[in-house]
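Novice: These are the residues of each chain, in order.
Protein chains: 4
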Amino acid sequence: MNSFGRLFRVEIFGESHGPAVGAIVDGCPPGIPLGVADLEADLARRRSGKSGTTDRREADEPELLSGVHGGRSTGSPILVAFRNADTRSEDYDAFVRVPRPGHADFSSRVKYRGFADPRGSGHFSGRVTAGLVAAGAIAKKVVGFASFETCLLEAGGRQDIESAAAEAKLAGDSIGGLVEIRVRGLPPGLGEPFFDAAEAVIAHALFAVPAVRGVEFGDGFAAARMRGSEHNDPFVNRSGKTSKNGSGGINGGITNGNELVVRVAVKPASTISAPQRTLDFGTGEETTLAPGGRHDACIALRSAVVLEAAVAISLADLYLANTAASAACAAAPEGESK
Amino acid sequence: MNSFGRLFRVEIFGESHGPAVGAIVDGCPPGIPLGVADLEADLARRRSGKSGTTDRREADEPELLSGVHGGRSTGSPILVAFRNADTRSEDYDAFVRVPRPGHADFSSRVKYRGFADPRGSGHFSGRVTAGLVAAGAIAKKVVGFASFETCLLEAGGRQDIESAAAEAKLAGDSIGGLVEIRVRGLPPGLGEPFFDAAEAVIAHALFAVPAVRGVEFGDGFAAARMRGSEHNDPFVNRSGKTSKNGSGGINGGITNGNELVVRVAVKPASTISAPQRTLDFGTGEETTLAPGGRHDACIALRSAVVLEAAVAISLADLYLANTAASAACAAAPEGESK
Amino acid sequence: MNSFGRLFRVEIFGESHGPAVGAIVDGCPPGIPLGVADLEADLARRRSGKSGTTDRREADEPELLSGVHGGRSTGSPILVAFRNADTRSEDYDAFVRVPRPGHADFSSRVKYRGFADPRGSGHFSGRVTAGLVAAGAIAKKVVGFASFETCLLEAGGRQDIESAAAEAKLAGDSIGGLVEIRVRGLPPGLGEPFFDAAEAVIAHALFAVPAVRGVEFGDGFAAARMRGSEHNDPFVNRSGKTSKNGSGGINGGITNGNELVVRVAVKPASTISAPQRTLDFGTGEETTLAPGGRHDACIALRSAVVLEAAVAISLADLYLANTAASAACAAAPEGESK
Amino acid sequence: MNSFGRLFRVEIFGESHGPAVGAIVDGCPPGIPLGVADLEADLARRRSGKSGTTDRREADEPELLSGVHGGRSTGSPILVAFRNADTRSEDYDAFVRVPRPGHADFSSRVKYRGFADPRGSGHFSGRVTAGLVAAGAIAKKVVGFASFETCLLEAGGRQDIESAAAEAKLAGDSIGGLVEIRVRGLPPGLGEPFFDAAEAVIAHALFAVPAVRGVEFGDGFAAARMRGSEHNDPFVNRSGKTSKNGSGGINGGITNGNELVVRVAVKPASTISAPQRTLDFGTGEETTLAPGGRHDACIALRSAVVLEAAVAISLADLYLANTAASAACAAAPEGESK
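Residue numbers (this note's numbering), protein chains in the order written: chain A, 1 to 338; chain B, 1 to 338; chain C, 1 to 338; chain D, 1 to 338.
Treat the hints as calculated values from the structure; they're not laboratory data.
Worth double-checking, as some hints may not be accurate.
Same chains, same label: a pair holds when it works inside one copy or across any pair of copies.
[Stated by the list, open to error] Simulated pairs of lysine-lysine, DSSO-like, Cα-Cα distance not exceeding 30 Å:
# : residue 1 : residue 2
1 : Lys169    : Lys241
2 : Lys141    : Lys169
3 : Lys244    : Lys169
4 : Lys241    : Lys141
5 : Lys141    : Lys244
Remember, predicted model here, so these are calculated numbers, not experimental data.
Input sequences plus hints: build the corresponding full structure.
Specialist: This is the structure in structure tokens:
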């Protein structure tokens, strides 16, 4: 389904060329200072127009249609909506017949039996992530004690990201990228052993972001080649601080109070202008596809803030769940069992 | 929480040295041929005693306590329980005071305020995965059209896995491993764009398995260094078959009918006999920990079937959800909107 | 939380005097003919201005902001929003200090710590049910095989409803009412024994509607005074038809194919103009409350279509769940267990 | 599905004549004193053998198979199982062919396609409520500040319950009953406006109990015939105490700190020895059914503690949800929105 979370619940809606996109956030505690200005910084990071990204320009002005009163959250569901304006639907019609390699054109047509909105990739558009970013900005206020630091480590295998993206754009091609998200200030205790391990919940949200191919925590895939004596993190003080952080801040599915470190592999955008061989599902014959339209040469540039939002949403949910458990534990009856 | 799935729901219970471990499966359709013998093959793969794994020996004889009648599932919840027998609790008491580096000893003590069962790592024990394997065996019957192929590609960075594990054991150390799971025969259409993308649901289940540090699909982390023209999979026939499989069988969060390919990084077991520097939380001083007890030199050997079970459970859930949507779609009213 | 349903999921948002109210519907199968005109009939039934109801007038013009394309549902979340226009916030400010007897003023202030939007009762307003009615209209399309018949059996204990409401209005008072909903054409098999019995799911949705005090099925409370030989419904043909319908169409939590019959007790609106004794929470002294503002003399008049919507939403969810189970059952593997 | 609750989650399993029945409780906070002795008082209330109930005798000895260590809950899932012993399966076989009027025989056969365990009504047996009672006893420890008082107000329309039940038994018939549950000591603030109103969650759990036909709160169905000036509850002090309790302790879906009052209509047991006309689904002809076997003359006698357990489970879940929200609210960041 299109919702996420147990206590801090987010649902995404909208199609690229429909009337609006956005998100609804349920479970935000009341009393949190919140206005559209609080969403602006992250939306600006996501906004199109940067080098290496699509030329589509949207004002991305969010409306808070419910759940906020007097500059604070009320405890009721918060609806954030973005009206769509700059739409050019004619670009996309052909993909129903010749689905793009690597894209959801084919699989979504099967799933939705041809009824999905094909315009601008509809509900599969990167445009839809605007709602996720807004929800992430709200989530960050819930876990206001935590600080997020996200960077694109490399793109197309290179650290010189700007020029790698420019080259790909010139070639009518696209490149993938590697995003790292670090979160400091998390308390120990977030996550459940089965099945809602902190990694499991965070990875769930991250893989929901379009174009993600891999997720790893701490030493990640390198840990598969390590010995326990190398990978284990010795404790150095009673607050649980460790001298290294191979686990990325999570032991046994539960945060240990050290920095959370997660890396995400973002694939190259599937829509490219360079010609690709693929199938014409109308004729059943091979054909060459070279779509026009606006494309991202390096979606990882914009994915960074979206992935950060996904992590923030996960952490807000894990935090509220743990808060509930802790408070109930504190309120539990004294005494012995019979 | 300790449950997983929307329509095929699995909940895991039990502690390593408590009376029993197991799983309860809700949502298994009625009429599926099922008996304890159907669980045996996978349980045998998981069972202890193989080279490189712990010396603990459990008969692992499952009991089907509910939900099965006359050799078939009834549609009611299926409870699979394994009685614990071979327990040696004295091994583990010290870890409350000196938590093992890399282990849940510390984080679980914070979370459960000292009330978690510490014996044999309690609910965090690898023993608990017996229930997951049993649930996975049931899940495979639900997706009986699919075939699973799982292998340990390497351990400790080497393909000579037996000797790598033997060396680590001799050194009182442990090694990680890389597991690959391939599933053939899946229909296109499994998964939802937000948030229950097929990768998201599968990764959620995989990261719930102890010791997982990374998950990648298809080209995985390599995709971050690729160009779209390299990574994209051209379609070659109308059933959606592609000439290569960089996406690992999933486009836009929805299976495309090609082989599902997922790789999982398993870290080395945190409990090792070789001495490790860490903190004595009693004195607040550094100390050296060299636990006795029974340990796995290479848990990835046993993780393989557990991870396969996690994938099977995810797929059973995604399959039932998609079946529901498809059937409802087929039953939807004709005609036009007003 | 503010959502309902497992497969046909509805979430309600909005405050009476905020920018908008509405609902988001996730899980609606793709391909269902749907436009704003399809919502009109039920919204007209709910709309204010009828005798006995509030004088507030809203155009109640829904916008379909997502999930619909080309006159049909796409399978993505459907967002229905109603902009608020005719608001007079000054009426309600005093209720923060002197909470209305019988109203959520007090309990919501405790729960939301004073941050809930008090204007027009905020998220507790009857206005919010517009979204429920819209979601119900969509649900009815999903269970297009079923026909709904809802009537207000009595109000204020009288069958002459118009005049009872008029009298109450004249007295500055309000009256309750008894609503009966009948649904024909349901297939047998909807509902789960524990905990999602058909009655349980339907009652959950009904009690979520403001002002509901009781729910009963078939013989209802009268069954508590009956003998089994009176209450039991003899079967008369192999399709499960019974000669009477004391069970209201549900046996063991599962629909039996007979007419669903449910009755709902709606309390009188708590806001009345006649003076009431209650507490001034500011002074801690007793006071007399006689609010102005716009009030319903008989909310049951408008509740009828809202309650019908709640039943429709429940049935859509139960239907999709049963469809999933049936389809999976049909697809289950042949053969024997080992 | 067969589970209930968001934070305090209960799942019921087992069939009347299968190996075991019971419940699994997830989300119980760690550190709560708990042992089998704590379940005994409620199980004793439920146990068969009282006047007016079935002659089946089960020791009803619960086993706590997980989630408890050292006399306290650990925070992991708690599995309570009851082995079945006294089974006489031959009594029930005929009901597959001639389904009992008023019973789930027919509707469950349709739903489960003939695969449900028919012995002793399988998963539909009253026996299965043993797990619910055990879960309720655990729930009561979570809401240890609340006191429960439950009574059977009348049976078969009479207050002389013992003799009414005896008469019905003599006549080979059964009688219904009216159960009232009162809970004192609840804090204000439990419940959500949409959809998890306190009444909605409690009614959901109550209607999951077999044989429930109606649920009402406070004035209940009588409120439908009242005026607002009669039904409203004036506040008398700042803690929210009211001078009367027509609302049954809930305003706007949220508890107000007054006594919770709920009444439940329990229908007469459908299985009676007196002959009933119904259909032989084998021949398609009418027939007379007069089953032997063990039957309850007045199931309401045993339902009382089961219904109380359902209320306790609901309240534990609502309490943990509210605790989470409150704690998060308290931890929310200070300051203004941008």
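Novice: Under the constraints set out in the numbered hints, which ones does this structure not fulfil?
Specialist: Violated hint (a single one): 2; every other hint is consistent with the structure.
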